[in-house]
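> Listed below, chain by chain, are the residues.
There are 2 protein chains.
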Amino acid sequence: MREKSADRTVAIMRTTLELGQEIGYAKLSIEAVAARAGVGKHTIYRRWSSKGALFLDSLMSLNESGLDYPDTGDIVADLRTQIHAAVDLLGRPPFGPLVRALVGEAQYDPQVAAALSERFIAPQEAKTVARLERAREQGQISPDFDLDLAMAILSGPLYFRYLITNEQLTHAYVDRVLEALFAGLRGHFAS
Amino acid sequence: MREKSADRTVAIMRTTLELGQEIGYAKLSIEAVAARAGVGKHTIYRRWSSKGALFLDSLMSLNESGLDYPDTGDIVADLRTQIHAAVDLLGRPPFGPLVRALVGEAQYDPQVAAALSERFIAPQEAKTVARLERAREQGQISPDFDLDLAMAILSGPLYFRYLITNEQLTHAYVDRVLEALFAGLRGHFAS
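Chains A and B are the protein sequences, given in the same order.
Counting from 1 along the first sequence, just add 100 to a position and that's the residue number in the numbering used here.
Counting from 1 along the second sequence, just add 100 to a position and that's the residue number in the numbering used here.
Worth flagging that the hints you see were computed from the coordinates, not collected in a lab.
Computed from a prediction, not measured in an experiment: that's the story for all the values here.
Hints should not be assumed to be uniformly reliable.
Heads up, the list lumps identical chains together, so a pair's fine if it works in one copy or across two of them.
[Unchecked claim] Result set (SDA-like, lysine to any residue): computed pairs, CA atoms no more than 20 Å apart in a straight line:
{"#": "1", "residue 1": "K227", "residue 2": "F289"}
{"#": "2", "residue 1": "K141", "residue 2": "A226"}
{"#": "3", "residue 1": "K227", "residue 2": "N266"}
{"#": "4", "residue 1": "K227", "residue 2": "T265"}
{"#": "5", "residue 1": "K227", "residue 2": "A283"}
{"#": "6", "residue 1": "K127", "residue 2": "S150"}
{"#": "7", "residue 1": "K227", "residue 2": "L189"}
{"#": "8", "residue 1": "K141", "residue 2": "Y273"}
{"#": "9", "residue 1": "K227", "residue 2": "A137"}
{"#": "10", "residue 1": "K127", "residue 2": "Q211"}
{"#": "11", "residue 1": "K127", "residue 2": "A153"}
{"#": "12", "residue 1": "K127", "residue 2": "E267"}
{"#": "13", "residue 1": "K127", "residue 2": "S149"}
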């Protein structure tokens, strides 16, 4: 019985993602997922309180690895590897457009914002900061380095392209951003 | 007669913003704006094809200055001044939460995305790049400097905080970001 319920949960989440890709997040509804999955909508509402919650769980089920950081002992190489992996995930269907839709809804639905933060944003931030802290303990990063600020500077240009200018995220773009961030802008500006 | 129509347009946009602040963008509807403004909904639809289009025009009517760049001859000081002004606009009601809602809808509504890009994002980008180009012509920026990349690096950390972590945008944060971007990360990482 429990097995059957777990199967059904997986089937509902898979249907949610399929339908989300077909008709887009805006038009997706719990009723439509229920009809396609062949379950009653109350079966869905028993487990998920809203379309946003169902969609978030469905998306997270695609991201089992959770974008873990490698630890080769070289923090710069490991940052690059992890950001490349993030770009591979966010830059392509199905994850890419679906996460965009969810981040979009989070901008005006506080419940979706809270769930997205708790399930995706905060854990990823914690992983980045933990990896940077290990590097700092190993003497690879100076003690006064502000890790939260580093997080914003490393991630911001990617989100800018992902959410604002909607250009393709590529490894080459990541490498150009990292190079500029490491070198700094000062050399380019007359003082 | 023309005057009266212009008055009505202003009244509809003002009502849209008032109602948007009261009930949030998600619950806003053209019907509700029409009822509050005392006009028929066809009057609104004659001018605006969707809620997103109406909302975008209403928001843009608040931002008459269009976040123009000063030109004191000092590019670094002018960048700082302009980003402070952007933070003052985006970090506070009414513009802040309302733009967030619109950027949110743009993530899954291509029409809203296109309108937002055309009316807000692209013109602001063009202003930034034009100001950087003037500085380059005046010898304040090195010739090989990638201005589009600079735009992403300067804006990204602000959008990250605005859209992803939802922390307050402040002048102090802008100054910390600019300092880190100018100095570069290399000094903080052991090579």
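> Hint by hint, note whether the structure agrees.
Taking the hints in turn, this is what the structure says about them:
For a Cα distance limit of 20 Å, the shortest separation of K227 from F289 across copies, 18 Å, qualifies, whereas the shortest one inside one copy, 34 Å, does not. For the identical chains of this complex, K141 and A226 are neighbours neither inside a copy (35 Å) nor across copies (48 Å), given an alpha-carbon limit of 20 Å. With identical chains, the CA atoms of K227 and N266 are at most 20 Å apart between copies only, with a shortest distance of 19 Å across copies and 26 Å within one. For a Cα distance limit of 20 Å, the shortest separation of K227 from T265 across copies, 15 Å, qualifies, whereas the shortest one inside one copy, 27 Å, does not.
In this homomeric assembly, K227 and A283 never come within 20 Å of each other (Cα to Cα): the closest approach is 24 Å inside a single copy and 25 Å across copies. When the C-alpha separation of K127 and S150 is checked against a cutoff of 20 Å, the pair qualifies both within a copy, at 14 Å, and between copies, at 16 Å. Proximity of K227 to L189 under the C-alpha cut-off of 20 Å is restricted to the intra-copy arrangement: shortest distance 16 Å within a copy versus 32 Å between copies. When the C-alpha separation of K141 and Y273 is checked against a cutoff of 20 Å, the pair qualifies neither within a copy, at 43 Å, nor between copies, at 46 Å.
In this assembly of identical chains, K227 and A137 lie within 20 Å of each other by CA distance neither inside one copy nor across copies; the values are 35 Å within and 50 Å between. In this homomeric assembly, K127 and Q211 come within 20 Å of each other (Cα to Cα) both inside a single copy, at 19 Å, and across copies, at 14 Å. In this assembly of identical chains, the alpha carbons of K127 and A153 lie at most 20 Å apart whether taken from the same copy (15 Å) or from different copies (19 Å). Within a single copy, K127 and E267 get their C-alpha atoms no closer than 24 Å, and across copies no closer than 30 Å, so neither meets the 20 Å cut-off.
For the homomeric pair K127 and S149, the shortest alpha-carbon distances inside one copy (18 Å) and between copies (18 Å) are both at most 20 Å.
Going through the hint list in order, the structure does not satisfy hints 2, 5, 8, 9 and 12.
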